[in-house]
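Enquirer: Protein sequences appear in the order of chains A and B. For the record, in the first sequence the residue sitting at position 229 is 229 according to the working numbering, with numbers rising by one throughout. For the record, in the second sequence the residue sitting at position 140 is 140 according to the working numbering, with numbers rising by one throughout.
No lab work stands behind these hints: they were computed from the structure. Fair warning: this is a prediction, and the values are worked out from it, not measured in the lab. A portion of the hints provided could be inaccurate.
Unchecked claim - Covered by chain B, according to a simulated footprint, are these stretches of chain A (three or more residues, beta-carbon under 8 angstroms):
| id | segment |
| --- | --- |
| 1 | 11-23 |
| 2 | 176-184 |
| 3 | 224-237 |
| 4 | 244-256 |
| 5 | 262-273 |
| 6 | 279-293 |
Said to hold, decoys possible - Just some of the chain A residues that point at chain B, by a computed CB distance under 10 angstroms:
| id | residue |
| --- | --- |
| 7 | Arg134 |
| 8 | Leu137 |
| 9 | His187 |
| 10 | His296 |
| 11 | His299 |
To be verified - Here are the computed distance ranges between Cβ atoms for each label pair:
| id | chain 1 | residue 1 | chain 2 | residue 2 | range |
| --- | --- | --- | --- | --- | --- |
| 12 | A | Asp190 | B | Arg151 | 29 to 35 angstroms |
| 13 | A | Asp242 | B | Arg151 | 49 to 55 angstroms |
| 14 | B | Asp196 | A | His289 | 42 to 48 angstroms |
Where is the CB? At the ideal position from N, CA and C, for every residue including glycine.
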Amino acid sequence: MSLVVRQPGLLSLLQDPGRFGQHGIGLTTGGPLDREAFDLCQRLLGNDSACTAIEASFGGLELDAHTDTFICVTGATMPLAINGQERDLWTVHKVQAGDHITLGYGMDGCRSYLGVAGGFSIAPQFGSTATVVREQLGGLRGDKLAPGDVLPCPRVSEHRRLQLPRDLRPHYQRQLTVRVIPGYQQHHFDRLQQRRFFSSAWTVSQRCDRMGYRLEGPAIRCDIEGILSEGICFGAIQIPADGQPIVLLNDRQTIGGYPKIGAALSLDAGRMAQLQPGGTVHFAAISPHGAHNALHLNHWRIQHMPLQELPRERDR
Amino acid sequence: MQLSYAGDNAVILYLGERTGADVAARVQAAANAARRVLGADLIDLVPSYASLLVIYDPLRTDHMHVIHRLHGIREEVDTANVSEAGREIVLPVYYSAESGADLERLAQQCELSVEEVIALHSETEYRVYAIGFAPGFAYLGEVDPRIAAPRLATPRSKVPRGAVAIADRQTAVYPAVSPGGWNLIGNCPQRMFDPDAEPSMPVAVGDRVRFEPISRARFLELGGELA
Numbered sequence: 001m002s003l004v005v006r007q008p009g010l011l012s013l014l015q016d017p018g019r020f021g022q023h024g025i026g027l028t029t030g031g032p033l034d035r036e037a038f039d040l041c042q043r044l045l046g047n048d049s050a051c052t053a054i055e056a057s058f059g060g061l062e063l064d065a066h067t068d069t070f071i072c073v074t075g076a077t078m079p080l081a082i083n084g085q086e087r088d089l090w091t092v093h094k095v096q097a098g099d100h101i102t103l104g105y106g107m108d109g110c111r112s113y114l115g116v117a118g119g120f121s122i123a124p125q126f127g128s129t130a131t132v133v134r135e136q137l138g139g140l141r142g143d144k145l146a147p148g149d150v151l152p153c154p155r156v157s158e159h160r161r162l163q164l165p166r167d168l169r170p171h172y173q174r175q176l177t178v179r180v181i182p183g184y185q186q187h188h189f190d191r192l193q194q195r196r197f198f199s200s201a202w203t204v205s206q207r208c209d210r211m212g213y214r215l216e217g218p219a220i221r222c223d224i225e226g227i228l229s230e231g232i233c234f235g236a237i238q239i240p241a242d243g244q245p246i247v248l249l250n251d252r253q254t255i256g257g258y259p260k261i262g263a264a265l266s267l268d269a270g271r272m273a274q275l276q277p278g279g280t281v282h283f284a285a286i287s288p289h290g291a292h293n294a295l296h297l298n299h300w301r302i303q304h305m306p307l308q309e310l311p312r313e314r315d316r
Numbered sequence: 001m002q003l004s005y006a007g008d009n010a011v012i013l014y015l016g017e018r019t020g021a022d023v024a025a026r027v028q029a030a031a032n033a034a035r036r037v038l039g040a041d042l043i044d045l046v047p048s049y050a051s052l053l054v055i056y057d058p059l060r061t062d063h064m065h066v067i068h069r070l071h072g073i074r075e076e077v078d079t080a081n082v083s084e085a086g087r088e089i090v091l092p093v094y095y096s097a098e099s100g101a102d103l104e105r106l107a108q109q110c111e112l113s114v115e116e117v118i119a120l121h122s123e124t125e126y127r128v129y130a131i132g133f134a135p136g137f138a139y140l141g142e143v144d145p146r147i148a149a150p151r152l153a154t155p156r157s158k159v160p161r162g163a164v165a166i167a168d169r170q171t172a173v174y175p176a177v178s179p180g181g182w183n184l185i186g187n188c189p190q191r192m193f194d195p196d197a198e199p200s201m202p203v204a205v206g207d208r209v210r211f212e213p214i215s216r217a218r219f220l221e222l223g224g225e226l227a
């Protein structure tokens, strides 16, 4: 019982929420770049939030169903089709053995999550199935999906078909304001540099990946060139010698020696990872207290978003 | 001990401004104490040279309560005992030109004999200051200044697994084949990172490490591989 990869597209990775508690031996977390879209995919399917799904970056994924199951795709607006028939995103669909599932290329946003009822059955490493290619850990063989890969999943013949109402679906725009908690070496950036950082428009460069998003704009200067290497949290914003910020994401190295001006609010860093190169980012400061409130509000919102139930699909 | 915000679920403790056994002992004491006072609210810790990043679950607790609890460990951390901190780990090393491509050049550069380089490297007790760069990559300090050598101008694209290397006053064992610019002086047959082993890594931050010179025959017996 499985889905089999016919075409993996540009970059498709098996992900669960991430590998936690292993920084001490140098392992990063991995996990979905857009946690909100990932969580909503699991919620629509009635799955535990720790289930394994596919993160498809930029699209081009094609799968063959070798079992009956239910799938759901959330995130970037990549056209989904089952046997050539276009289907809604943010909606649970029935698939039957022999069906062909295709996910085209993204128009808005660039990360999609394809989940199945019950999640993919993948053996965890260090407590997680999250694929980190650089560390050769997680997923299948510690690598991205390849043609012929078999993704085991349970056979499910009856399931609720839930949908996220259209007006509640996220809009992935080409510009974004990222809230920043000032911290780390913030005091090594003088007032002028901080003002420049918070008032400039930043462009997402071609060098953006699961480790971090590099942004282009006016150079930000720091009083110091480097620091003793120290732990890097999710969203930390490094300013290397060229003055161009790097927002560090799920596959970041665990320690590093560049000065940091603070860290992006995790919710916004996840949304930033939906930006393609050329997208625009502004930064706005937020207090630790404001950040904490934002996290709780968002958590409540995701857990309580009303889902619509659709009628049962007839067998084909 | 100084504390700074890091992110929406992390704060960082600074335990000193330089590297050293005393600072490393405080980092380790802070890690142990943070684990105890935060309990299930803790997600992960990143100990490093002179700091400890504390990552907590913001849906279970908040920054105020975390900081309050971390202030409570201050005295325990400031009085950490240097000599008792960390386990003592011995790693076997086959030092030779065939297992350490830069050994002879390094000896010449330092105006020492190969035997003197080996003696200086293996007679020092190192502290694990940090782990990072790659899974299982432990930064050990500090190397005797007489054999401290800068990184290569052009890094190698492929350093063999187990390579024992020096960069400035730090030394390390490469846990896997990877690019690298450190000076290679030998090879350690013990795996530094094995995802299928328990524990997957023989050392932790704060441990004390010594290198024990072994013969070619012993190296091969222990499963060492020559490129």
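Enquirer: If a hint holds in the structure, say so; if it doesn't, say that too.
Expert: Here is how each hint holds up against the structure:
no.	hint	verdict
1	11-23	holds (count 4)
2	176-184	holds (count 4)
3	224-237	holds (count 9)
4	244-256	holds (count 4)
5	262-273	holds (count 5)
6	279-293	holds (count 4)
7	Arg134	8 angstroms, holds
8	Leu137	7 angstroms, holds
9	His187	9 angstroms, holds
10	His296	7 angstroms, holds
11	His299	6 angstroms, holds
12	Asp190/A to Arg151/B: 29 to 35 angstroms	31 angstroms, holds
13	Asp242/A to Arg151/B: 49 to 55 angstroms	20 angstroms, violated
14	Asp196/B to His289/A: 42 to 48 angstroms	44 angstroms, holds
Of the numbered hints stated above, the single one contradicted by the structure is hint 13.
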